[in-house]
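Please build the complete structure, drawing on both the sequences and the hints.
Chains as they are written, first to last, in this note's numbering: chain A, 1 to 182; chain B, 1 to 664; chain C, 1 to 151.
No false leads were mixed into what you were given.
With a Cα cut of at most 25 Å, we get these calculated SDA-like pairs of lysine to any residue: (1) 522/B <-> 233/B; (2) 47/C <-> 375/B; (3) 110/A <-> 63/B.
These are computed hints drawn from the structure, not numbers from a lab.
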Amino acid sequence: MNNKTFVFLIPFLFFVAMAILLWTGLGKDPTKLDSQLIGKAIPVFSRSTLQDESVTITNDDIKGPALINVFASWCPSCYNEHPYLMTLSKSKEIKIYGLNYKDERSKGLKFINDLGNPYYQIIFDNSGRLGIDMGVYGAPETFLINDKNEIIYRHVGIVNQQVWEEILKPKIYPGELIHGGR
Amino acid sequence: MIPEIGSLALAFGLGLALVQFIIPLVGILTHRWRLALIARPAAIGQFFFVALSFICLAYSFYSNDFSIAYVASHSNRSLPVAYRLGATWGGHEGSLLLWVFLLSSWTLAVALLSRSLPALTRVRVLAVLGAVSVGFLIFIIFTSNPFARLLPVYPIDGSDLNPLLQDPGMVFHPPLLYMGYVGFSVAFAFAIAALLEGRIDTLWARWVRPWTQAAWMFLTLGIAAGSWWAYYELGWGGWWFWDPVENASFMPWLIGTALLHSLAATEKRGVFKAWTTLLAIAAFSFSLLGTFLVRSGVLTSVHSFASDPVRGTYILVFLGVVVGASLILFAIRGSKVAVTSWYNLLSRELLFLINNLILVVVTVMILLGTLQPIIAELLGMGKVSVGPPYFNMVFNILMTPLVFLIGLGPIVNWRQYSFDDLIKRTRVSALVSLMAAGSMVVIESQKALTDLLQIFIGIFLIVWVVLLNITDWWKRGSKKSSNSLVGMTKVSPSFLGMYFAHIGLAIVVIGVVLSSHLSVEKNVRLGIGQSQSVSGYDFKFDKITNVTGPNYDALRGHFIVSKDGEQVAELHAEKRQYRASRQWMTEAGIDANLMRDLYVALGEQIENSNDWAVRIYVKPFITCLWLGGILMGIGGLLAMSDKRYRSRVKKKFGVEENQVIGVA
Amino acid sequence: MKPLRKRRLIFVISIVVGLGAAIGLGLYAMQQNINLFYSPQEVATGKAPVGPLIRLGGLVVAGSVKRDAESLQVSFDLTDNAEKVTVSYNGILPDLFREGQGIVTMGKLQEDGQFVAEEVLAKHDENYMSPEVAEAIKKAEAEAKARKPKE
Chain A
1 MNNKTFVFLI PFLFFVAMAI LLWTGLGKDP TKLDSQLIGK AIPVFSRSTL
51 QDESVTITND DIKGPALINV FASWCPSCYN EHPYLMTLSK SKEIKIYGLN
101 YKDERSKGLK FINDLGNPYY QIIFDNSGRL GIDMGVYGAP ETFLINDKNE
151 IIYRHVGIVN QQVWEEILKP KIYPGELIHG GR
Chain B
1 MIPEIGSLAL AFGLGLALVQ FIIPLVGILT HRWRLALIAR PAAIGQFFFV
51 ALSFICLAYS FYSNDFSIAY VASHSNRSLP VAYRLGATWG GHEGSLLLWV
101 FLLSSWTLAV ALLSRSLPAL TRVRVLAVLG AVSVGFLIFI IFTSNPFARL
151 LPVYPIDGSD LNPLLQDPGM VFHPPLLYMG YVGFSVAFAF AIAALLEGRI
201 DTLWARWVRP WTQAAWMFLT LGIAAGSWWA YYELGWGGWW FWDPVENASF
251 MPWLIGTALL HSLAATEKRG VFKAWTTLLA IAAFSFSLLG TFLVRSGVLT
301 SVHSFASDPV RGTYILVFLG VVVGASLILF AIRGSKVAVT SWYNLLSREL
351 LFLINNLILV VVTVMILLGT LQPIIAELLG MGKVSVGPPY FNMVFNILMT
401 PLVFLIGLGP IVNWRQYSFD DLIKRTRVSA LVSLMAAGSM VVIESQKALT
451 DLLQIFIGIF LIVWVVLLNI TDWWKRGSKK SSNSLVGMTK VSPSFLGMYF
501 AHIGLAIVVI GVVLSSHLSV EKNVRLGIGQ SQSVSGYDFK FDKITNVTGP
551 NYDALRGHFI VSKDGEQVAE LHAEKRQYRA SRQWMTEAGI DANLMRDLYV
601 ALGEQIENSN DWAVRIYVKP FITCLWLGGI LMGIGGLLAM SDKRYRSRVK
651 KKFGVEENQV IGVA
Chain C
1 MKPLRKRRLI FVISIVVGLG AAIGLGLYAM QQNINLFYSP QEVATGKAPV
51 GPLIRLGGLV VAGSVKRDAE SLQVSFDLTD NAEKVTVSYN GILPDLFREG
101 QGIVTMGKLQ EDGQFVAEEV LAKHDENYMS PEVAEAIKKA EAEAKARKPK
151 E
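The following block contains the structure:
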């Protein structure tokens with residue numbers, strides 16, 4: 001390679017260096033952040049239920065093992081997710097609590113009335129404060145709670161059969177092979 | 001039905017883009033010219049289908065089709081129709097479709113307007129554009145389909161467009177910006193075609209120039225629109241933040257500006273050939289890089305879309321293929337087109353060379369600053385970031401000599417110019433500029449020394465650039481007509497465009513220098529009925545009223561501004577809460593004229609009181625920023641309207657279409 | 001040939017000098033303007049420098065926001081769930097500033113351990129938490145967890 005060609009290669013080399021740099025930056029996805037509360041008890045809260053403003057639900061009412069599913073009528077993916085939650089709820093494999101996040105009561109109720117209610121109880125969190133306490137990034141999101149009411153996993157995005165069978169279920173019913181139980 | 005048509009149209013578009021990319025190249029390699037000529041009809045067909053797909057998406061927004069996931073998450077029944085149109089490009093999928101739509105529009109323009117090109121050159125250019133289209137269409141169809149349905153259950157109402165984007169500025173800003181980004185693909189395609197052919201000459205530069213000027217014009221206007229939007233919509237009066245995404249649009253602009261100048265040198269003097277092709281490749285590469293940065297989640301920014309590593313990986317691979325291949329081609333062929341040409345130390349070529357070097361160095365510095373968080377992390381330097389001070393410092397220091405040269409550029413001749421003549425031509429302007437700068441410093445003498453230095457340099461440069469460009473314009477005009485003023489309008493559009501762009505830039509500098517040094521900004525706590533005086537203006541907080549907008553509820557603060565007891569303006573600053581997303585937005589109240597902006601924005605209501613935190617700014621000459629931007633845009637428009645770009649030259653060079661067929 | 005060569009040499013030298021100066025400037029500017037990020041824990045353990053402009057991030061402690069009755073002066077505590085730092089700020093808080101929210105401030109650490117902020121940033125996206133803050137919190141919690149069994 002003569003000198004001249006080398007000079008003309010400089011832009012390419014510069015580009016390669018930059019591409020490698022960008023490559024290392026990839027995959028540091030902020031949505032992949034773990035919840036701050038993994039391994040901790042669910043935060044202390046007291047909220048009304050979605051269906052009845054006068055009924056209060058607190059952290060003591062939550063009885064694990066269970067899922068806490070963050071949903072809202074404004075969240076398009078929640079409509080997608082809902083049919084499977086109905087199926088899961090009917091299968092009685094696990095209790096599902098709803099966290100109606102930053103929603104209006106009437107819209108949240110309409111969501112449930114139109115599509116069916118898979119939830120054991122629904123926490124109405126229209127201010128989103130409980131969501132912030134739990135480290136919610138958006139909706140839909142689902143938290144997995146063990147029998148000690150500790151959050152053991154946070155799933156970002158839709159829960160479907162695959163997510164339930166392959167990710168969530170093994171964590172709550174570990175079987176013999178998976179890290180010997182608590 | 002409509003969304004299915006849209007998806008199908010995208011697939012057809014991809015098919016035709018593949019045809020446009022591959023078959024012509026095969027045709028050229030196998031010397032089957034008829035095959036090669038398929039590029040043009042394929043390009044026209046591709047435009048048709050992509051445009052159809054875009055119209056389908058826009059219509060789905062218009063008709064509130066919330067069964068489409070993208071529509072459901074970016075629109076709402078109560079969203080005004082104009083914003084529904086804007087919402088079409090308000091998210092990742094739609095803005096990508098806009099990108100491809102604009103790319104196919106540019107391709108169509110090349111297909112239709114390049115009759116003067118040798119047929120083979122045109123075929124190569126279209127094939128390269130087709131390749132870029134293929135990459136983006138695959139990206140859309142396989143990772144970001146805007147027509148994906150939410151079936152069988154879908155929301156009755158959408159979750160609304162991000163309130164930040166519900167603004168007239170946001171309806172125009174992305175299309176203008178993308179027109180600029182994507183427009184550089186044409187110069188890029190010409191550069192690749194030229195490298196493939198191994199021929200770069202005056203004629204080639206003449207073909208590329210108007211396309212580059214058009215792209216540059218759109219990018220200039222797009223950046224100006226974006227900065228204007230940030231100024232009044234983000235609610236704290238800033239107009240440039242050195243945010244990664246802003247930098248992503250600014251880097252192609254800087255390289256594009258360098259390209260404009262080096263193309264001029266290549267056209268007029270046949271110099272910088274290899275360098276010009278490299279810049280053409282670089283301008284488009286930086287556009288692609290911008291797309292990557294916005295969508296990959298590598299850097300966090302106010303503007304970035306929800307990040308998705310899969311998308312990021314795809315764009316990076318695509319970027320690697322396109323840019324990597326181009327630069328390898330450049331390495332192989334570039335050295336063959338390079339020539340050493342003679343020019344004197346003092347000549348326009350030299351000034352352009354310095355111009356190019358400065359612009360490239362500034363771009364690299366901005367690139368380093370932008371990627372700095374990644375670099376630091378890689379080197380284990382911890383969580384560091386360089387903020388605006390880094391960019392301001394580097395940018396101001398490097399750009400100062402460049403702006404100085406803008407005064408000399410039009411005067412100094414190609415090939416050589418005598419130093420004595422230069423002194424003769426510029427000494428009066430230099431003196432006037434020094435005096436203007438000096439008197440400004442005297443007026444503002446209470447300021448700190450560094451401020452004074454910056455004001456001095458700034459004012460000097462502004463007067464210097466404006467005077468030298470206008471006197472040169474005048475001189476050129478007097479050659480055209482006995483009445484110089486009449487003559488000034490008869491100067492060729494190329495020169496007119498240059499004067500507009502240069503003077504526009506000086507006016508932008510007026511805005512930058514004066515608004516940053518003479519602005520008075522006060523953050524105060526005000527109760528209803530209270531007043532605050534800011535730089536001679538008395539701002540009275542008159543009342544707060546409730547306002548109901550189409551899709552938001554707002555509190556509106558009424559401020560009455562008076563000067564010397566006389567009312568000057570009534571400003572309305574709002575705090576809006578959008579019903580669907582329940583997000584709060586600040587809408588500033590601004591009274592603008594050429595000399596100053598009066599700016600009021602509501603902060604928050606202070607707990608347990610009726611007082612509000614209020615931002616009150618008086619910003620002199622800030623309108624110049626956007627006025628100058630528009631002048632620069634007009635400059636680009638004038639330059640590309642020059643007749644010589646449209647004169648037919650096919651007889652002199654290359655082959656006619658039917659001649660090609662004759663050969664086959 | 002000779003004058004041409006000489007001219008070329010001048011060209012090359014001036015380009016090299018120019019580029020060198022530009023790079024030097026860039027490095028200098030970077031060094032001057034780098035803002036290191038610190039967590040409340042690092043401030044509490046004395047790892048953060050007193051004087052230069054730094055960034056401090058964390059969650060706003062509920063109930064810690066105190067306002068001056070007359071002006072915009074405000075103070076609040078930031079925590080990473082391990083340590084707390086009191087921040088004082090004179091200016092307008094961003095729309096999304098709320099107790100419990102993760103924010104980043106830019107300012108200077110004082111001798112007495114107070115942090116005087118010049119700028120308070122909360123992103124325009126409600127769901128956003130700066131990755132730096134999130135990481136700082138995670139780290140502090142992990143350390144707290146690791147410490148507990150030993151005690």
